[in-house]
Amino acid sequence: EDQVTQSPEALRLQEGESSSLNCSYTVSGLRGLFWYRQDPGKGPEFLFTLYSAGEEKEKERLKATLTKKESFLHITAPKPEDSATYLCAVQAGDNYGQNFVFGPGTRLSVLP
Amino acid sequence: DTAVSQTPKYLVTQMGNDKSIKCEQNLGHDTMYWYKQDSKKFLKIMFSYNNKELIINETVPNRFSPKSPDKAHLNLHINSLELGDSAVYFCASSHINPSGETQYFGPGTRLLVL
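Protein chains in written order, with the numbering used here: chain R, 1 to 112; chain C, 1001 to 1114.
The hints are simulated quantities; they were obtained by calculation from the structure and are not laboratory data. Just to be clear, a hint being listed does not mean it is correct.
[What the hints assert, rightly or not] Here are the computed lysine-lysine pairs in the DSSO-like style, where the Cα-Cα straight-line distance is at most 30 Å:
hint : chain 1 : residue 1 : chain 2 : residue 2
1    : R       : K59       : C       : K1040
2    : C       : K1019     : C       : K1036
3    : R       : K42       : C       : K1044
4    : C       : K1040     : C       : K1067
5    : C       : K1019     : R       : K68
6    : C       : K1041     : C       : K1022
7    : C       : K1019     : R       : K42
8    : C       : K1041     : R       : K68
9    : R       : K69       : C       : K1044
10   : C       : K1041     : R       : K79
11   : C       : K1019     : R       : K63
12   : C       : K1019     : R       : K59
13   : R       : K69       : C       : K1040
14   : R       : K42       : R       : K79
15   : C       : K1067     : C       : K1036
16   : R       : K57       : R       : K79
17   : C       : K1071     : R       : K68
18   : C       : K1067     : R       : K42
19   : C       : K1071     : C       : K1044
20   : C       : K1040     : R       : K63
21   : R       : K63       : C       : K1044
22   : R       : K79       : C       : K1040
23   : C       : K1036     : R       : K69
24   : C       : K1019     : C       : K1040
25   : R       : K42       : C       : K1009
26   : C       : K1036     : R       : K57
27   : R       : K59       : C       : K1067
28   : R       : K57       : R       : K42
29   : C       : K1041     : R       : K69
30   : C       : K1022     : R       : K42
31   : R       : K57       : C       : K1009
32   : C       : K1040     : C       : K1022
33   : C       : K1036     : R       : K63
34   : R       : K42       : C       : K1041
35   : C       : K1022     : C       : K1044
36   : C       : K1071     : C       : K1036
37   : C       : K1044     : R       : K57
[Unchecked claim] Computed footprint of chain C on chain R; a stretch qualifies when at least three of its residues, placed anywhere within it, have a C-beta under 8 Å from a C-beta of chain C:
hint : stretch
38   : 83 to 91
39   : 102 to 110
Glycine included, every Cβ here is placed at the ideal spot set by N, Cα and C.
With the rest of the complex left out, here is chain C:
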């Protein structure tokens, strides 16, 4: 059973298009995240949602909008795609246990904008 899943795995699209990436977690976690990993492999947090409320919204362009229909899903919608949006996007979820906070990442969505 996949704990955090993302679709699609690969996404190739033209500049200017609008696309969405879906994320689902079956762990019952309250917090979900979206990260962007660029060509230099740096992971940068984009958004996090806790119980369907946006907690932090880093300085990402407003072309990116997270949407959470329920606690198990956090989708990422991107308008007017640009070449610089090409990257790997990771979804993650987290919970707190006696050992502390643990994050679980999805397999990533590889976005290529042409």
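This is chain R alone, in the form it adopts within the complex:
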């Protein structure tokens, strides 16, 4: 069974204090690993898709990396507006539109 875990469950950072969020997965036939940001009361907002081990993608203060078993979301010099729940998901299977499995998320709080 495809599984996704995320750690830590919650993280509090001071503004400017860099850190990393972890997403570990076990899946057969990984097609892609996705990172989302979810603000309270809103739907997830797409951040990155990673497809192969060694791949990295960056957007502003965020950088996502992928290995064969896990992905990291690195947050450099975070600001209070980066506070949100960060969700990781894996897509498996052979066909477009196949199953997405989400992790439980990491709740990030960045204090001014």
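Assemble chain C onto chain R, guided by the hints.
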């Protein structure tokens, strides 16, 4: 312009009732999804439609039925609502570009069954 929209935003109803949630996307995407987010905030996929054909149907009760009148719409109909159906339901659509597949989520419908 809202890319993925859902109605209603809130839905409070009695156990045993039948209700529908509507979803529309104006992005021209071929695939649409329904997700359920429970009280523990876990997102679980329920259905996906590609070009009006059901691709996957997770182990959800058959009281839930997706209906897609056209590529831009994927509605969710729920019969005989139960207390455990209370959750936030998200619609999403996706497409593939040179960077890979991207999903866009709607704002969610908060369902409370009393």
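Original post:
Between K59 of chain R and K1040 of chain C, is the straight-line Cα distance small enough, at 30 Å or below?
Top reply: Given that 30 Å is the threshold and the Cα spacing comes to 28 Å, the pair holds.
Original post:
Regarding the pair K69 of chain R and K1040 of chain C, is the alpha-carbon distance no greater than 30 Å?
Top reply: holds, 25 Å
Original post:
Hey, K1071 of chain C versus K1036 of chain C, does the alpha-carbon distance stay inside 30 Å?
Top reply: Given that 30 Å is the threshold and the Cα spacing comes to 21 Å, the pair holds.
**OP:** With a cut-off of 30 Å on the C-alpha distance, tell me whether K1036 of chain C and K57 of chain R pass.
**Re:** At roughly 28 Å apart (the allowed maximum being 30 Å), K57 of chain R and K1036 of chain C satisfy the hint.
**OP:** For the pair we were handed, K1067 of chain C and K42 of chain R, check the Cα-Cα distance against 30 Å.
**Re:** Holds, because 24 Å separates the two Cα atoms, which is no more than 30 Å.
Original post:
Holds or violated: K57 of chain R with K1009 of chain C, Cα cutoff 30 Å?
Top reply: Measuring from Cα to Cα gives roughly 34 Å; hence the hint is violated.
Original post:
Taking only the CA atoms, is the gap from K1019 of chain C to K42 of chain R under or equal to 30 Å?
Top reply: Holds. K1019 of chain C to K42 of chain R sits at ~22 Å (cutoff 30 Å).
**OP:** Assess, step by step, whether the Cα of K1019 of chain C is no farther than 30 Å from the Cα of K59 of chain R, and give holds or violated.
**Re:** violated, 40 Å
**OP:** With a cut-off of 30 Å on the C-alpha distance, tell me whether K1040 of chain C and K1067 of chain C pass.
**Re:** Holds: K1040 of chain C and K1067 of chain C sit about 27 Å apart, inside 30 Å.
Original post:
Given the hinted pair K42 of chain R and K1041 of chain C, is their alpha-carbon gap at most 30 Å?
Top reply: Judged against 30 Å, a Cα distance of about 12 Å means the pair holds.
Original post:
Are K1019 of chain C and K68 of chain R close enough, with their CA atoms no more than 30 Å apart?
Top reply: Answer violated: K1019 of chain C to K68 of chain R is near 43 Å, above 30 Å.
Original post:
Has the given pair, K59 of chain R with K1067 of chain C, been kept, meaning a C-alpha gap of at most 30 Å?
Top reply: Judged against 30 Å, a Cα distance of about 36 Å means the pair is violated.
Violated hints, listed in ascending order, are 5, 11, 12, 17, 27, 31; each of the other numbered hints is respected by the structure.
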